[in-house]
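Produce the complete structure using the sequences and hints provided.
All residue numbers for the sequence shown refer to my numbering, where the first residue is 26 and numbers rise by one.
Just so you know, these hints were derived from the structure itself, not from any lab.
Heads up, the beta-carbon is just placed ideally off N, CA and C, and yes, glycines get one too.
Some hints here could point you the wrong way.
Stated by the list, open to error - Taking CB as the label site, the calculated pair distances span:
# : residue 1 : residue 2 : range
1 : A89       : R182      : 32 to 38 Å
2 : R81       : F50       : 19 to 25 Å
3 : L174      : G125      : 21 to 27 Å
4 : R218      : P369      : 39 to 45 Å
5 : V118      : I82       : 20 to 26 Å
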Amino acid sequence: MPWAPFTPTLDAMGSVAIALWGLLFIVMLAGIALLLRTEKRQYERRGKGRSWLWMRILALPMLAISAAATMLPARAVSGMEALALFYFGLLVVAPLAWFGLHLLAGRLQSPRLTRGESLGLAVSGLAVLLVPALLISSAQGPIHTVSYLAKIRAFDRTLESPLALTAQPVQLLRLGDSGVLYAQALTAPAGIRLARVEMRTGEHWHDTATLRYPLLCRDGNDLHLAWPEGMQPSPLRIHWQDSQGQPHQARFETGNMPAGTARHDFALRWREDGFDLPVPLARDLLQIGWHHPVDGALHYRSLDMLQPGETFADDCVKPGYRRVAWQQEGPVSGVILRFHPPLPAAPWQIEYRRDGAVLPDPVSPRPLSLHSESP
26 MPWAPFTPTL DAMGSVAIAL WGLLFIVMLA GIALLLRTEK RQYERRGKGR
76 SWLWMRILAL PMLAISAAAT MLPARAVSGM EALALFYFGL LVVAPLAWFG
126 LHLLAGRLQS PRLTRGESLG LAVSGLAVLL VPALLISSAQ GPIHTVSYLA
176 KIRAFDRTLE SPLALTAQPV QLLRLGDSGV LYAQALTAPA GIRLARVEMR
226 TGEHWHDTAT LRYPLLCRDG NDLHLAWPEG MQPSPLRIHW QDSQGQPHQA
276 RFETGNMPAG TARHDFALRW REDGFDLPVP LARDLLQIGW HHPVDGALHY
326 RSLDMLQPGE TFADDCVKPG YRRVAWQQEG PVSGVILRFH PPLPAAPWQI
376 EYRRDGAVLP DPVSPRPLSL HSESP
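Spelled out as structure tokens, the structure:
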């Protein structure tokens, strides 16, 4: 199907946005058609209908020449000079070329167009180019707002159904002497497509795709929760579509599910090209580090810079995590888990190193423990 590549984009836009953009384009095309029809009748009454038609046909080559007069000099140089030449061409050369070519073309027509007629056609032609662009730019914000509000209302009005995702037993993972990490997976059966996951803050629901919520990550149509002792994940409202495309929603709270009995240490397994976490975690929870080649110190960075093939939509760091450029970067030497409990509690972290050390937050009284697995 020729429309197949555009299907994800159209699905993301939503039917309301598609309808509004379609209406705007219809109005713009109708306005352009009305302008051209009015012009045509005016010039036919003057006996210059043929000249008007040729001027409109020649408008495309004149546009190309004006654009080339703007772009080619700017592309011949680089740096700030290129930017200066571009703006000079856009504000000075292109208008002179556009109006000058219209004056020249008008003089060559038979019957000849007057100076005023040629400039009038240049102005109306410029309006045909600029007014739609300005309308599209101005309409983006309002159309996005209306479409977003319509989506929210549609999600809110979706009938509640039993949760289609299967809640796996809660796992209890010991973070050395620093506490406990709880983890739970919600796995989707075949044919289920997650549409939206919301978290409740106070009396309001917020889309987790538009905010940082490090206790939750998404892997395709599966969800993974992980929270330390003392923190409780917010209630979730999960929206999905079944195999027939019908929308559903259900609420989920970890406290409503029976906790599992699996208890084991949070043990990393190190590989040359990456590491294996015991459970999937949100990339916002993690920092990874390498030994600096000069001073040998361990330097950490976040995972906000995506590797090839990664997306922020699927934001889980899973067992089998691999660094694409590991041969250039070297083996990962450390992993930090950093948690931000609600105020007034202070953020805290625990650091796992390839040499087997597990270091709690330096400002915390938690002692050092050694239990991480190393090759």
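Next on the checklist: Flag every earlier hint the structure violates by its number, smallest first.
Outcome noted: Violated hints (numbers, rising): 1 and 3; every other hint is consistent with the structure.
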